[in-house]
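S.K.: Sequence:
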Amino acid sequence: MAKDGTNRLQSMAQFSLFATSYLPLFVLLIAKQFNSNYKYFHFGGVNSEAFEIFLTKFGLSVILTLISIIGYVGFLFTVSNLDRDVENGFSVKVKDIRNKNSEAISYIATYIIPFVFLELNNWFELFSILFLILIIYRIYINSSLVLINPVLSIKYSLYEVDYEESNATRTGFIISRDKYLQEDERIKIYEIGHKMYYSKTINND
Numbered sequence: 001m002a003k004d005g006t007n008r009l010q011s012m013a014q015f016s017l018f019a020t021s022y023l024p025l026f027v028l029l030i031a032k033q034f035n036s037n038y039k040y041f042h043f044g045g046v047n048s049e050a051f052e053i054f055l056t057k058f059g060l061s062v063i064l065t066l067i068s069i070i071g072y073v074g075f076l077f078t079v080s081n082l083d084r085d086v087e088n089g090f091s092v093k094v095k096d097i098r099n100k101n102s103e104a105i106s107y108i109a110t111y112i113i114p115f116v117f118l119e120l121n122n123w124f125e126l127f128s129i130l131f132l133i134l135i136i137y138r139i140y141i142n143s144s145l146v147l148i149n150p151v152l153s154i155k156y157s158l159y160e161v162d163y164e165e166s167n168a169t170r171t172g173f174i175i176s177r178d179k180y181l182q183e184d185e186r187i188k189i190y191e192i193g194h195k196m197y198y199s200k201t202i203n204n205d
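Residue numbers (the numbering used here): 1 to 205.
Read the hints as simulated data drawn from the structure, not as lab findings. Just so it is clear, the structure is predicted and the values come from calculations on it, not from any experiment. Mixed in with the good hints, there may be bad ones.
Straight-line alpha carbon distances no greater than 25 angstroms define the calculated DMTMM-like cross-link-like pairs of lysine to aspartate or glutamate that follow [said to hold, decoys possible]:
no., residue 1, residue 2
1, Lys179, Asp85
2, Lys200, Asp162
3, Lys93, Glu164
4, Lys200, Glu165
5, Lys179, Glu165
6, Lys195, Glu125
7, Lys95, Glu164
8, Lys100, Asp178
9, Lys95, Glu183
Whole structure, please, built from the sequences with the hints as guidance.
M.R.: See the structure below:
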């Protein structure tokens with residue numbers, strides 16, 4: 001198994017996971033901006049003033065909508081690729097398991113909810129939001145946060161596991177479709193980052 005400690009997810013896959021992790025926030029911000037500025041939502045002609053008003057009042061919504069669409073489509077491709085790649089993973093035996101699904105709630109409280117209370121009516125606020133999201137993105141893709149995703153948690157579970165491989169016990173974080181993973185089960189794991197894995201339960205027929 002690779003021990004280089006690098007994130008094996010492609011840049012687009014990392015971006016997609018980040019974008020979908022923020023999808024609930026993006027929807028709320030788009031709804032908030034539109035609700036605050038709906039009176040400006042009409043054709044004002046083709047001129048610099050109308051363009052500036054549109055960017056100020058709806059520019060963030062346009063950017064977030066594009067990020068959301070690209071991120072969600074990329075997310076679907078990423079999950080599909082991982083389902084395929086895990087077949088080439090390593091078979092290990094689970095020794096101990098700790099459910100980490102509650103981390104998604106902490107993620108929402110820490111990284112999403114504070115943004116909801118920001119105002120969206122001038123350039124400084126808009127650039128501030130985009131700058132903070134960029135900073136969090138850089139932190140996100142270089143940490144275990146890449147596995148903490150409220151949207152991913154709808155169909156997948158996050159675990160911290162001790163597993164046995166080649167008569168040695170190792171520890172790592174895994175995401176799995178199996179909501180009821182148990183000790184002593186055998187799983188296949190595919191490395192997607194340092195001590196981070198995508199897993200599939202091996203059926204014992």
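S.K.: All hints are to be evaluated individually against the structure, with a verdict given for each.
M.R.: Each hint tested on the structure:
no., hint, result
1, Lys179 <-> Asp85, "holds, 20 angstroms"
2, Lys200 <-> Asp162, "holds, 15 angstroms"
3, Lys93 <-> Glu164, "holds, 5 angstroms"
4, Lys200 <-> Glu165, "holds, 16 angstroms"
5, Lys179 <-> Glu165, "holds, 22 angstroms"
6, Lys195 <-> Glu125, "violated, 37 angstroms"
7, Lys95 <-> Glu164, "holds, 7 angstroms"
8, Lys100 <-> Asp178, "holds, 13 angstroms"
9, Lys95 <-> Glu183, "holds, 5 angstroms"
Hint compliance for this structure: hint 6 alone is broken.
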